[in-house]
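Protein chains in written order, with our numbering: chain A, 40 to 341; chain B, 181 to 468.
Simulated from the structure, these hints should not be mistaken for laboratory data. Don't take every hint at face value.
Pairs of lysine-lysine, DSS-like flavour, derived with a Cα cap of 27 Å [claimed, not checked]:
(1) A:K177 with A:K203
(2) A:K114 with A:K87
(3) B:K239 with A:K203
(4) A:K87 with A:K203
(5) B:K199 with A:K177
As a plain string of letters, each chain reads:
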Amino acid sequence: MNPEKAAEIDFQSVPLDPDTLDDVSQAERPIVEVRGVTVRFESQTILKEIDLQIERGQTLAIIGESGCGKTVLMKTIIGLIAPSQGAVLFDGRDLGRISQQEMTRTRRRFGFVFQNAALFDSMNIFDNIAFPILQHEKASDSEIEGRVMEKLSEVGLPPEAAMKFPAELSGGMRKRVGLARALILQPELVVYDEPTTGLDPIMSDVINELILATRRNYPVTSVIVTHDMRTARKVANRVVMLYPRRRLEADQSQMLFDGSPSDLDHADDRRVRQFVRGEAGERINELLRETAAISQPAASQA
Amino acid sequence: MAGLTYQDDLPLGEKRPGKISHWVTDWGGMVVDGVSTVGDIAIFAYQMFVWMFTRRPAKGTLLINFYHVGVLSLPVVALTGTFIGMVLAVQSHRQFAMIGMENRLGAVINSSLVRELGPVLAATMLAGRVGSAIAAVIGTMRVTEQIEALTTMGANPIHYLVVPRFLACLLLIPALTIMADFMGIVGGYFYSVVVLGIDHAAYLQNSADFVTGYDLFSGILKSIFFGGIIAIVSCYRGFNCQAGAEGVGQAATAAFVMSFVLILGVDLVLNILLEAFYYAVWAPETSL
Numbered sequence: 040m041n042p043e044k045a046a047e048i049d050f051q052s053v054p055l056d057p058d059t060l061d062d063v064s065q066a067e068r069p070i071v072e073v074r075g076v077t078v079r080f081e082s083q084t085i086l087k088e089i090d091l092q093i094e095r096g097q098t099l100a101i102i103g104e105s106g107c108g109k110t111v112l113m114k115t116i117i118g119l120i121a122p123s124q125g126a127v128l129f130d131g132r133d134l135g136r137i138s139q140q141e142m143t144r145t146r147r148r149f150g151f152v153f154q155n156a157a158l159f160d161s162m163n164i165f166d167n168i169a170f171p172i173l174q175h176e177k178a179s180d181s182e183i184e185g186r187v188m189e190k191l192s193e194v195g196l197p198p199e200a201a202m203k204f205p206a207e208l209s210g211g212m213r214k215r216v217g218l219a220r221a222l223i224l225q226p227e228l229v230v231y232d233e234p235t236t237g238l239d240p241i242m243s244d245v246i247n248e249l250i251l252a253t254r255r256n257y258p259v260t261s262v263i264v265t266h267d268m269r270t271a272r273k274v275a276n277r278v279v280m281l282y283p284r285r286r287l288e289a290d291q292s293q294m295l296f297d298g299s300p301s302d303l304d305h306a307d308d309r310r311v312r313q314f315v316r317g318e319a320g321e322r323i324n325e326l327l328r329e330t331a332a333i334s335q336p337a338a339s340q341a
Numbered sequence: 181m182a183g184l185t186y187q188d189d190l191p192l193g194e195k196r197p198g199k200i201s202h203w204v205t206d207w208g209g210m211v212v213d214g215v216s217t218v219g220d221i222a223i224f225a226y227q228m229f230v231w232m233f234t235r236r237p238a239k240g241t242l243l244i245n246f247y248h249v250g251v252l253s254l255p256v257v258a259l260t261g262t263f264i265g266m267v268l269a270v271q272s273h274r275q276f277a278m279i280g281m282e283n284r285l286g287a288v289i290n291s292s293l294v295r296e297l298g299p300v301l302a303a304t305m306l307a308g309r310v311g312s313a314i315a316a317v318i319g320t321m322r323v324t325e326q327i328e329a330l331t332t333m334g335a336n337p338i339h340y341l342v343v344p345r346f347l348a349c350l351l352l353i354p355a356l357t358i359m360a361d362f363m364g365i366v367g368g369y370f371y372s373v374v375v376l377g378i379d380h381a382a383y384l385q386n387s388a389d390f391v392t393g394y395d396l397f398s399g400i401l402k403s404i405f406f407g408g409i410i411a412i413v414s415c416y417r418g419f420n421c422q423a424g425a426e427g428v429g430q431a432a433t434a435a436f437v438m439s440f441v442l443i444l445g446v447d448l449v450l451n452i453l454l455e456a457f458y459y460a461v462w463a464p465e466t467s468l
């Protein structure tokens, strides 16, 4: 959605009660709706009045420089962070209004691939991948083993890896185990936090191909938070760029871009083009001014 | 420093805050932080109790924690208990000998061990060995997003991580206390009878006369409170760990320091209450 258009919508008039949404069929309804979400940590506003709709089957890349709130937005989407204002609807249900039990059931429909995989150190790879099954299903040992081995194979890991511990694996292998764990329950929404960060170009491309293969094999919606423009271009069919709130005027939207990856190079906003090309531009001068502003009072105090 | 205003930034005519203002601000901030931490721990403990009584923890998570808290702590608790028993004998012997009462050494050593030193010693060792480890493990899980991973997979971190550790500390600290008591008694007996040459029969007789079942009961009762404190404080510190290796280290240190201070404070309160209860119910005569 165009950010300017989104800003025009009166969200006060949009009903948040999921019961009123019954007339909209599930297939037509966006899987995720972010409505006027503001997130504050103490006095710092990270996200302000973000509006976003993610359609079923879409692969959305959220890009932006460090500290712009990408990861906060992603964690808000899956209910890990409660918005200070606004609401996040997953399949028409307001995550802020559902009970703890319902939230647990809803989480079965999410898969989350963490930046550093976040595998449980105390468990071997088999137990890590089987963990979601044990939490949500009553499956026999043989069934669990079959599913875990199938997922290991899908992410290109040999069966011997199952008995290893996370500390014994390389970064790329850990990411693939994280992906296997996120996919084991065949979720409807998979969220990737910096899936290629810290990996060599070949392994980055392996991860990108796995994300594409997942989309081909399952009816899954994906949200990818990334700095990696190669990943965004290759994997996503929609890109949203966020900008740090602190560097914007009060009335400016934090979403600088919302469109297809092919439109990125021709974006109207200079900051989007600079980010996509990896150009520092006037950002160097901004950083120098910020540093001077910090050091000046300290010097006067001394 | 928060709250400081630079001279150049002050509006015209406004005075720079004085030293007393800073002092009040600093102390006020510390009081607010302290009250806030107590409130946070109370809410954390409440959530833990709710989960403990609403959903049974998985057997796998319980057994591994029982092993870490109980089995692996046993040698160190036994060893320190033995040494404390012997140290008590060394320290008390000279004073008792001066008044010709060295045969009564068994009474003071064993009574001190069973009432006070056994439970506090076992709790201190548990806070140092297990409490710090709990804070470090949970803190590392926090820093490496493993706790968030638990949440995203539908597992409640308090139910999965805190409840088994709480139960392990609560249920196994009485056993560790009994071990510390027993080994302290053995150590005290060995040093008094074998090294110092105190009469074996008199030592045992005095021990039997002055150490009561109530002493043992009160020691074990206190230890249960200590176990609960260690588990809740250590898990809380781990859950609220700051980022990075330094944050994990601080969480482990804070878990031990906070547990130890609370153990001593709660020990004092429980001693007062248990003594009052004992004298109210039995009103025994006190004489050596």
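Hint by hint, here is what the structure shows:
no. : hint               : result
1   : A:K177 with A:K203 : holds, 25 Å
2   : A:K114 with A:K87  : holds, 15 Å
3   : B:K239 with A:K203 : holds, 23 Å
4   : A:K87 with A:K203  : violated, 43 Å
5   : B:K199 with A:K177 : violated, 65 Å
Consistency with the previously given hints fails for numbers 4, 5, ordered from lowest to highest.
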